[in-house]
Amino acid sequence: DTGVSQNPRHKITKRGQNVTFRCDPISEHNRLYWYRQTLGQGPEFLTYFQNEAQLEKSRLLSDRFSAERPKGSFSTLEIQRTEQGDSAMYLCASSLPGQGTYEQYFGPGTRLTVT
Amino acid sequence: AQSVAQPEDQVNVAEGNPLTVKCTYSVSGNPYLFWYVQYPNRGLQFLLKYITGDNLVKGSYGFEAEFNKSQTSFHLKKPSALVSDSALYFCAGGFPNFGNEKLTFGTGTRLTIIP
Numbered sequence: 303d304t305g306v307s308q309n310p311r312h313k314i315t316k317r318g319q320n321v322t323f324r325c326d327p328i329s330e331h332n333r334l335y336w337y338r339q340t341l342g343q344g345p346e347f348l349t350y351f352q353n354e355a356q357l358e359k360s361r362l363l364s365d366r367f368s369a370e371r372p373k374g375s376f377s378t379l380e381i382q383r384t385e386q387g388d389s390a391m392y393l394c395a396s397s398l399p400g401q402g403t404y405e406q407y408f409g410p411g412t413r414l415t416v417t
Numbered sequence: 424a425q426s427v428a429q430p431e432d433q434v435n436v437a438e439g440n441p442l443t444v445k446c447t448y449s450v451s452g453n454p455y456l457f458w459y460v461q462y463p464n465r466g467l468q469f470l471l472k473y474i475t476g477d478n479l480v481k482g483s484y485g486f487e488a489e490f491n492k493s494q495t496s497f498h499l500k501k502p503s504a505l506v507s508d509s510a511l512y513f514c515a516g517g518f519p520n521f522g523n524e525k526l527t528f529g530t531g532t533r534l535t536i537i538p
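Residue numbers (my numbering), protein chains in the order written: chain A, 303 to 417; chain B, 424 to 538.
Hints were generated in silico from the structure; no laboratory data involved.
We put the beta carbon where it would ideally sit given N, CA and C, even for glycine.
Computed from the model, here is a short list of chain B residues facing chain A with C-beta under 10 angstroms:
no., residue
1, Asp432
2, Tyr459
3, Gln461
4, Arg465
5, Gly466
6, Leu467
7, Gln468
8, Phe469
9, Cys514
10, Glu524
11, Leu526
12, Phe528
13, Gly529
14, Thr530
15, Gly531
Sequences and hints are given; from them, build the entire structure.
Structure below.
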């Protein structure tokens, strides 16, 4: 069990560029979540997958954001035409709900800075 | 709408003293409640959870929390604080009546243990 990994750890981009982040969940976990955390705030839910199906999206996830989990394993989060307001830490988490184990395990995050 | 509140931005405790980090929730129904800890440049680490059953739950690193339905609270406690407990703590809730797959986080409490 190597935990949840995220790449890259840091990304600096210019306004208007597209960026893509990757998340590799804990191998047997079937649920994968994306959250966004800004300075001084708790993480805010963006979207989640059960296997390859995207089951819920937050209103925070504008049409510039898209997430995929093509084979039910790793996931990508793409932001098109980045804006300065997109600067934040993007967190990925995974879980295997059932038998009382509902906790989510988080990766280290990808810090995005839009200049 | 469901919400989780952490009324204290900062808590300072002398090493060796008991500590309490407060959390309250607002929702109808029975929430699933969690505590996470965040160290600098690291992801959120799961500490403990309340799903059902015994109101006092024990978790990692000697932490425990008490679920109090009448006061809608889930305070984090430790009998004797260590300097290494200094970190940012988040309370989070998943609410089955609204779909417990996503976690709603409080704004966090920075705990500082003074040697």
